[in-house]
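There are 2 protein chains.
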Amino acid sequence: MNNKRIVVALDAMGGDYAPSVVIDGAYIALLNYKKKDPNFLLEYLIFGDSDLLTALVDKIPLLKSSSTIVHSEHKVAADDRPSYALRNSKKTSMGMAIESVKQQQAHAVVSSGNTGALMAISKVSLRTLSGISRPAIVGLLPTINHKVVALDLGANAECESSNLVQFAIMGDAFAKVMLGKDKPIIGMLNIGSEDIKGNDVIKSAAQVLLNQECLNFYGFIEADDITKGVVDVVVADGFSGNVAIKMAEGTAHLCRKILERAFKSSVFAKIGYLLAKSSLKSAFKSIDGRYYNGAMLIGLNGVVVKSHGGADKVAFANAVETAVELSKHNINHKIIQEISLLQQHMSL
Amino acid sequence: MNNKRIVVALDAMGGDYAPSVVIDGAYIALLNYKKKDPNFLLEYLIFGDSDLLTALVDKIPLLKSSSTIVHSEHKVAADDRPSYALRNSKKTSMGMAIESVKQQQAHAVVSSGNTGALMAISKVSLRTLSGISRPAIVGLLPTINHKVVALDLGANAECESSNLVQFAIMGDAFAKVMLGKDKPIIGMLNIGSEDIKGNDVIKSAAQVLLNQECLNFYGFIEADDITKGVVDVVVADGFSGNVAIKMAEGTAHLCRKILERAFKSSVFAKIGYLLAKSSLKSAFKSIDGRYYNGAMLIGLNGVVVKSHGGADKVAFANAVETAVELSKHNINHKIIQEISLLQQHMSL
Numbered sequence: 000m001n002n003k004r005i006v007v008a009l010d011a012m013g014g015d016y017a018p019s020v021v022i023d024g025a026y027i028a029l030l031n032y033k034k035k036d037p038n039f040l041l042e043y044l045i046f047g048d049s050d051l052l053t054a055l056v057d058k059i060p061l062l063k064s065s066s067t068i069v070h071s072e073h074k075v076a077a078d079d080r081p082s083y084a085l086r087n088s089k090k091t092s093m094g095m096a097i098e099s100v101k102q103q104q105a106h107a108v109v110s111s112g113n114t115g116a117l118m119a120i121s122k123v124s125l126r127t128l129s130g131i132s133r134p135a136i137v138g139l140l141p142t143i144n145h146k147v148v149a150l151d152l153g154a155n156a157e158c159e160s161s162n163l164v165q166f167a168i169m170g171d172a173f174a175k176v177m178l179g180k181d182k183p184i185i186g187m188l189n190i191g192s193e194d195i196k197g198n199d200v201i202k203s204a205a206q207v208l209l210n211q212e213c214l215n216f217y218g219f220i221e222a223d224d225i226t227k228g229v230v231d232v233v234v235a236d237g238f239s240g241n242v243a244i245k246m247a248e249g250t251a252h253l254c255r256k257i258l259e260r261a262f263k264s265s266v267f268a269k270i271g272y273l274l275a276k277s278s279l280k281s282a283f284k285s286i287d288g289r290y291y292n293g294a295m296l297i298g299l300n301g302v303v304v305k306s307h308g309g310a311d312k313v314a315f316a317n318a319v320e321t322a323v324e325l326s327k328h329n330i331n332h333k334i335i336q337e338i339s340l341l342q343q344h345m346s347l
Numbered sequence: 000m001n002n003k004r005i006v007v008a009l010d011a012m013g014g015d016y017a018p019s020v021v022i023d024g025a026y027i028a029l030l031n032y033k034k035k036d037p038n039f040l041l042e043y044l045i046f047g048d049s050d051l052l053t054a055l056v057d058k059i060p061l062l063k064s065s066s067t068i069v070h071s072e073h074k075v076a077a078d079d080r081p082s083y084a085l086r087n088s089k090k091t092s093m094g095m096a097i098e099s100v101k102q103q104q105a106h107a108v109v110s111s112g113n114t115g116a117l118m119a120i121s122k123v124s125l126r127t128l129s130g131i132s133r134p135a136i137v138g139l140l141p142t143i144n145h146k147v148v149a150l151d152l153g154a155n156a157e158c159e160s161s162n163l164v165q166f167a168i169m170g171d172a173f174a175k176v177m178l179g180k181d182k183p184i185i186g187m188l189n190i191g192s193e194d195i196k197g198n199d200v201i202k203s204a205a206q207v208l209l210n211q212e213c214l215n216f217y218g219f220i221e222a223d224d225i226t227k228g229v230v231d232v233v234v235a236d237g238f239s240g241n242v243a244i245k246m247a248e249g250t251a252h253l254c255r256k257i258l259e260r261a262f263k264s265s266v267f268a269k270i271g272y273l274l275a276k277s278s279l280k281s282a283f284k285s286i287d288g289r290y291y292n293g294a295m296l297i298g299l300n301g302v303v304v305k306s307h308g309g310a311d312k313v314a315f316a317n318a319v320e321t322a323v324e325l326s327k328h329n330i331n332h333k334i335i336q337e338i339s340l341l342q343q344h345m346s347l
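For the protein sequence lines, the chains are A and B, in the order given.
0 is the number of the first residue of the first sequence in numbering that gives the first Met the number 0; add one for each residue after it.
0 is the number of the first residue of the second sequence in numbering that gives the first Met the number 0; add one for each residue after it.
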């Protein structure tokens with residue numbers, strides 16, 4: 000039951016390289032879908048400074064024919080407080096893009112702007128799905144053989160066990176759409192110290208999940224199990240989830256730096272690099288952060304995708320494609336179905 | 000004020016490859032110190048099955064002349080509960096090795112055994128240092144240019160702000176000894192979501208640390224700042240600290256796997272590997288986990304070093320050398336001094 004036409008609202012003024020990266024990324028996503036599925040229709044509502052945007056979009060006929068530019072007077076700054084951004088949301092490109100989802104003019108919104116503001120405005124404007132008390136940030140991480148879904152990546156520094164149970168349900172639906180798995184394996188992040196295996200919050204959440212037949216709950220995992228690909232979905236509170244994803248990014252970056260240094264350290268190594276170059280490039284594509292760009296603010300009445308603030312056009316295109324896939328496959332409908340299934344067995 | 004003779008107690012029956020790895024590792028550490036400092040005297044008390052140990056030690060004259068074997072009837076199993084290990088500690092190699100530190104027969108103890116048991120027995124036998132309410136696990140992580148100290152790596156899943164302040168003091172002393180820094184830069188692990196920057200516990204701990212002139216407190220850092228080497232000491236609760244170190248291990252392992260696959264993917268890549276091999280090996284030594292083996296259970300009246308359960312002989316030797324350095328430089332004396340300095344300014 001895929002939708003054959005999806006409208007994505009773009010906050011063209013958010014992120015370090017706005018609006019040019021947004022426009023170029025939107026065009027790349029458009030080309031990718033033209034190739035993948037010529038019958039599928041992708042359209043944009045582009046919010047921001049209309050003079051600036053018109054000049055950029057006019058240069059790209061294909062994009063122009065698929066887009067409507069909507070002028071916004073202001074934008075959310077990277078250091079705006081969420082409360083400030085919320086008060087002014089009606090006049091900012093971010094706020095207006097989110098509002099277009101609420102008004103059902105767009106299926107999804109993509110922004111590279113301030114995460115706190117995006118979450119605050121989305122929560123107030125779209126409200127949480129029935130049965131979900133707090134939205135989470137969900138994204139993909141690389142493993143040796145496939146991608147893995149992880150949440151919460153930083154929206155909720157502190158969680159109750161009911162939040163973690165809801166994260167598991169939302170992660171399950173997200174993995175079904177983004178990994179194409181029928182019964183994603185769900186693990187809960189814990190620590191390896193035999194002294195104290197976790198805290199009461201995760202213990203009681205795990206207890207609830209163990210008893211759900213409709214979920215494929217694996218149990219506790221440790222952080223080094225994530226990259227091994229032991230599970231398809233990693234459930235964590237927003238503090239440890241954020242530490243996990245940032246530590247993965249930092250360590251991958253460190254490995255690349257060490258590799259670069261090694262290849263520059265001798266003449267033999269330099270020649271070796273030239274010979275292995277194309278193999279290395281395609282291998283490292285599997286952990287290239289750009290292909291993991293696009294985290295969903297999940298648990299809201301609408302698809303809200305956060306692109307990295309420093310995203311380039313390839314990365315931004317990936318965020319747009321994430322928004323399209325989630326909309327096409329009715330992610331929120333899947334979540335609501337699972338919750339009602341679970342509610343027949345328990346009180347969430 | 001370095002000690003010229005250090006006695007290390009070895010739990011020879013702990014870890015996946017005990018006792019042979021313990022014996023071989025102890026010998027490597029002995030050789031390393033002979034080379035580094037011929038005037039320094041390293042001696043061992045080796046606890047475990049005396050028949051087995053005598054047979055192994057007798058084959059290595061240098062080790063034999065530096066060691067005393069002490070028979071223990073039992074050992075702590077990898078899956079023993081801490082409470083069980085504690086009750087039987089008088090008869091186990093781990094318990095007896097720790098007791099020898101308490102009785103001042105040894106300066107330090109090294110074990111690859113069950114972490115929970117090691118922590119429980121050490122806490123009861125050695126007790127915490129005056130001014131420290133809870134011991135932590137502290138270790139080293141790689142960055143692009145140097146090593147960084149991180150704690151707590153998993154002893155305390157939940158912490159109060161006073162614990163985090165004490166971890167900062169202990170981390171400072173550890174960095175002075177192990178990194179040789181005069182004024183180590185201390186950072187507190189936090190998350191990057193602008194929505195909620197951390198929780199009350201870390202906020203109030205940071206407030207206390209900001210006001211201490213004797214500590215070089217940097218403020219909050221995010222997990223990807225760790226590998227960038229922004230600070231020398233990372234302070235975290237045991238849950239997020241454990242997630243950080245295991246995620247780093249997992250990601251480094253993933254990068255190596257991807258690299259191996261790339262070098263096998265074509266004939267050119269294979270030849271490239273052969274040319275770059277020696278440069279790659281020496282570069283990757285800087286993130287080889289074996290050279291980071293040896294985490295201290297810090298905050299106790301005695302030096303207790305935990306080696307990885309799966310450590311090989313090189314890794315175990317590194318854990319022994321960590322124990323020696325910490326003992327030589329009177330790590331616990333440094334901690335006590337710092338605490339009394341801070342206590343003049345505040346109530347911890």
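Don't read these hints as lab results, they were simulated from the structure.
Backbone N, C-alpha and C fix where the C-beta goes; we use that ideal spot for every residue, glycine too.
Where hints are given, some of them may not hold.
[To be verified] As a list, the in silico DSS-like pairs of lysine-lysine whose alpha-carbon atoms are at most 25 Å apart:
1. A:227 - B:256
2. A:269 - A:312
3. A:284 - B:269
4. B:227 - A:256
5. A:284 - B:263
6. B:89 - B:58
7. A:269 - B:276
8. B:33 - B:58
9. B:180 - B:276
10. A:269 - A:256
11. A:101 - A:58
12. A:276 - B:263
13. B:63 - A:280
14. A:312 - A:35
15. B:58 - A:227
16. B:35 - B:269
[Stated by the list, open to error] Take a look, some chain A residues computed to stay more than 12 Å from chain B by CB distance:
17. 67
18. 69
19. 87
20. 176
21. 210
**Prompt:** Taking each numbered hint in turn, which are not upheld by the structure, reported in ascending numerical order?
**Reply:** 2, 6, 9, 11, 13, 15 and 16
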